[in-house]
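Novice: Whole structure, please, built from the sequences with the hints as guidance.
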Amino acid sequence: MSHPHDHVTEQLSEYLDGELPVSARESVDAHLSGCAECRRLIEDLGSIVAAATTLPDTLPDRDLWAGVAQRIGATRATVTPFTPPVRRRFSFSVLQLAAAGILLMLMSGGLVYLARPHDDRGASGVTRAEPSAAAGDALTVSVANAQYDGAVADLERRLKAGRGELDPETVRVLEQNLGAIDTAIEQCRRALEADPANAYLTNHLVSARQRKIALLRRATALTTGS
Amino acid sequence: MRTALTLLQVDTPLTARPATDRMDDVALAAAGDVRAFERLYRAHLPRVHGLVRRMTAGRDADELTQDVFVRLWQKLSSFRGESAFSTWLHRLAANVVIERFRTDTTRRQRHVDGEGIFESLPGARSSGDLAMDLETALEKLPDGAREIFVLHDVEGYKHQEIADLLEISAGTSKAQLHRARMILRRHLRPASA
Numbered sequence: 001m002s003h004p005h006d007h008v009t010e011q012l013s014e015y016l017d018g019e020l021p022v023s024a025r026e027s028v029d030a031h032l033s034g035c036a037e038c039r040r041l042i043e044d045l046g047s048i049v050a051a052a053t054t055l056p057d058t059l060p061d062r063d064l065w066a067g068v069a070q071r072i073g074a075t076r077a078t079v080t081p082f083t084p085p086v087r088r089r090f091s092f093s094v095l096q097l098a099a100a101g102i103l104l105m106l107m108s109g110g111l112v113y114l115a116r117p118h119d120d121r122g123a124s125g126v127t128r129a130e131p132s133a134a135a136g137d138a139l140t141v142s143v144a145n146a147q148y149d150g151a152v153a154d155l156e157r158r159l160k161a162g163r164g165e166l167d168p169e170t171v172r173v174l175e176q177n178l179g180a181i182d183t184a185i186e187q188c189r190r191a192l193e194a195d196p197a198n199a200y201l202t203n204h205l206v207s208a209r210q211r212k213i214a215l216l217r218r219a220t221a222l223t224t225g226s
Numbered sequence: 227m228r229t230a231l232t233l234l235q236v237d238t239p240l241t242a243r244p245a246t247d248r249m250d251d252v253a254l255a256a257a258g259d260v261r262a263f264e265r266l267y268r269a270h271l272p273r274v275h276g277l278v279r280r281m282t283a284g285r286d287a288d289e290l291t292q293d294v295f296v297r298l299w300q301k302l303s304s305f306r307g308e309s310a311f312s313t314w315l316h317r318l319a320a321n322v323v324i325e326r327f328r329t330d331t332t333r334r335q336r337h338v339d340g341e342g343i344f345e346s347l348p349g350a351r352s353s354g355d356l357a358m359d360l361e362t363a364l365e366k367l368p369d370g371a372r373e374i375f376v377l378h379d380v381e382g383y384k385h386q387e388i389a390d391l392l393e394i395s396a397g398t399s400k401a402q403l404h405r406a407r408m409i410l411r412r413h414l415r416p417a418s419a
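If you read the sequences in order, they're chains S and B. Heads up, the first sequence is in my numbering, so the first residue is 1 and it goes up one at a time. Heads up, the second sequence is in my numbering, so the first residue is 227 and it goes up one at a time.
Just so you know, these hints were derived from the structure itself, not from any lab. In this text, all values refer to a predicted model and were calculated from it rather than measured experimentally. Mixed in with the good hints there might be a few duds.
[Said to hold, decoys possible] Output of the computed footprint for chain S on chain B, the stretches with three or more beta carbons under 8 Å from beta carbons of chain S:
(1) 270-276
(2) 367-380
(3) 386-395
(4) 399-407
Note that CB positions come from ideal geometry on N, CA and C, so glycine has one too.
Specialist: This is how it looks when you write it as structure tokens:
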């Protein structure tokens with residue numbers, strides 16, 4: 001008989017992505033509650049997935065437009081020197097990404113919690129090990145808050161320094177969108193204060209924060225011309 | 227160190243433009259306006275180049291990026307606005323890369339990696355920046371695993387979309403994604419793998 005560990009390992013990516021059926025997810029949940037090795041593995045996978053979302057856009061080392069223009073039959077006489085823009089790179093530390101990875105994992109677990117009946121006993125009648133997961137959730141969100149605030153503050157500082165480079169209409173639309181996202185974040189925060197274990201609200205809060213980070217990143221990139 | 231190159235003259239800034247202006251540029255470029263097309267090129271170059279470079283591990287990335295924009299010029303009139311322009315362009319870019327892979331005989335078996343795939347990537351010293359280490363590790367992944375990791379985890383494609391693009395099953399896409407993540411974990415955290 002094979003060890004359940006091997007079977008669970010093969011399912012961890014689908015578990016992380018929220019693509020396992022409820023019964024399989026509950027089986028993985030049960031395994032994770034007693035297997036530190038698999039918990040480390042899924043935290044690592046979550047960190048990698050989180051890191052993948054932060055990879056910056058890139059520019060070629062040489063400008064490619066002249067070649068494109070030639071191939072599409074466009075010709076123009078006037079040329080101007082091209083200096084590649086200085087590109088800033090937005091990155092997270094390993095600790096930040098680990099926190100994000102854990103949060104991803106807990107979020108997907110939380111969605112399943114919502115999707116299943118709120119009964120401490122499964123079909124087999126075995127009591128589930130919930131308390132440790134709940135404690136971990138609170139800790140992870142707390143860590144993510146601090147890292148998120150730091151990342152947003154850094155981006156806002158960069159944006160403030162470079163906003164003079166932006167078209168006034170762009171600034172207006174940007175501020176309008178940031179205001180809408182901030183409102184959504186604040187509403188989620190307040191709702192979570194009243195219902196801290198609500199995974200649906202947590203999901204929305206994280207999603208809104210991701211949108212804000214993404215918008216700030218794009219705006220900051222515009223100020224540097226990258 | 228980068229050297230200064232020459233670039234065709236433009237009259238207006240090519241970045242920091244609202245999205246609505248860029249949609250105007252899509253219409254203008256589709257009607258044959260080269261300046262509008264150049265603005266589109268500059269606005270979308272970083273994202274397209276990042277996608278192409280990661281999918282190809284840097285091999286022929288510049289040439290393929292040019293191919294993408296030449297294809298864009300040829301296909302612009304078929305853009306119907308049924309999805310966001312950037313979404314449509316990125317799919318076109320992914321298709322250009324995948325077509326190149328299909329004609330490359332050394333890459334034809336890229337989605338049929340054997341068990342040895344787990345041994346193909348030795349652990350590396352960490353720089354302390356996981357995103358930077360991930361960029362390095364991505365280049366060393368087998369082609370098939372890398373394509374799927376980039377499309378799913380970096381670009382946000384669903385497994386069924388990847389399956390349609392690559393003409394594989396969604397199950398193969400899921401399996402390859404898991405393999406890619408496990409290889410990357412082995413590379414990025416060798417002590418725990």
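Novice: Each of the hints needs a verdict: does it hold here or not?
Specialist: Hints and how they fare:
{"no.": "1", "hint": "270-276", "in the structure": "holds (count 5)"}
{"no.": "2", "hint": "367-380", "in the structure": "holds (count 3)"}
{"no.": "3", "hint": "386-395", "in the structure": "violated (count 0)"}
{"no.": "4", "hint": "399-407", "in the structure": "holds (count 4)"}
When the structure is compared with the earlier hints, a violation turns up for hint 3 alone.
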